[in-house]
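Participant: What follows is the residue order along each chain.
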Amino acid sequence: AQTVTQSQPEMSVQEAETVTLSCTYDTSENNYYLFWYKQPPSRQMILVIRQEAYKQQNATENRFSVNFQKAAKSFSLKISDSQLGDTAMYFCAFGETSGSRLTFGEGTQLTVNP
Amino acid sequence: NAGVTQTPKFRVLKTGQSMTLLCAQDMNHEYMYWYRQDPGMGLRLIHYSVGEGTTAKGEVPDGYNVSRLKKQNFLLGLESAAPSQTSVYFCASRLIRVTGELFFGEGSRLTVL
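These protein sequence lines are chains A and B, in that order.
According to our numbering, the stretch in the first sequence is residues 1 to 114, in order.
According to our numbering, the stretch in the second sequence is residues 1001 to 1113, in order.
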């Protein structure tokens, strides 16, 4: 079974600074997707960024980028120029390309301080 | 286009009572899921469905039942609620497994006294 681990339950960062959230996963599969989801206080789950395992290039979405290290099974999220609206719980998730399910990590609560 | 809608949003039950959570999606998605979210445990999969008339167990299926009689609806039932089922429940759907992205409902907070 796949597992996803987020070792940082809580993190904080000053507004305009950069922060990196960590995620590691365990799988024997070669083809899969990795995701970061954001859950603000409104509770709505929002997709932040997605990475296909077969792509070597790291995904980027505006201020959000990932560092995907396939051999190390690591998938960290970097948030640049942090904004107050980035305050949220962030979940890392893994899904096999051939599968039907996503496995989520425990989450990291990020607080952006003014 | 409403996306994924869950009802009810909030519910308080007494131990032993039963209830059903309804999830409806208008995106013609094949795959639908029920997760529960508890502090420090992330989202855990309860049951899921890969198409109309199908259901399968996830990580934590005990105490729950599901049905997918229509493609757009996925029902989660608690036959005899227990305090351990106090949680926030999320429904999600996606078109096909290859694309991967899940679309979530807004969550339903259930308290069992």
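Rather than coming from a laboratory, the hints here were simulated on the basis of the structure.
Fair warning: this is a prediction, and the values are worked out from it, not measured in the lab.
C-beta: ideal position from N, C-alpha, C; glycine also.
A few of these clues could be false.
[As the list claims (entries may be wrong)] Partial chain B-side listing against chain A, Cβ under 10 angstroms, derived: (1) Ala1002; (2) Tyr1031; (3) Arg1044; (4) Leu1045; (5) Gly1053; (6) Pro1061; (7) Gly1063; (8) Ala1082; (9) Gly1107.
Participant: Hint by hint, which ones does this structure get wrong, listed from lowest number up?
Facilitator: Per hint list: 1, 5, 6, 7 and 8 violated.
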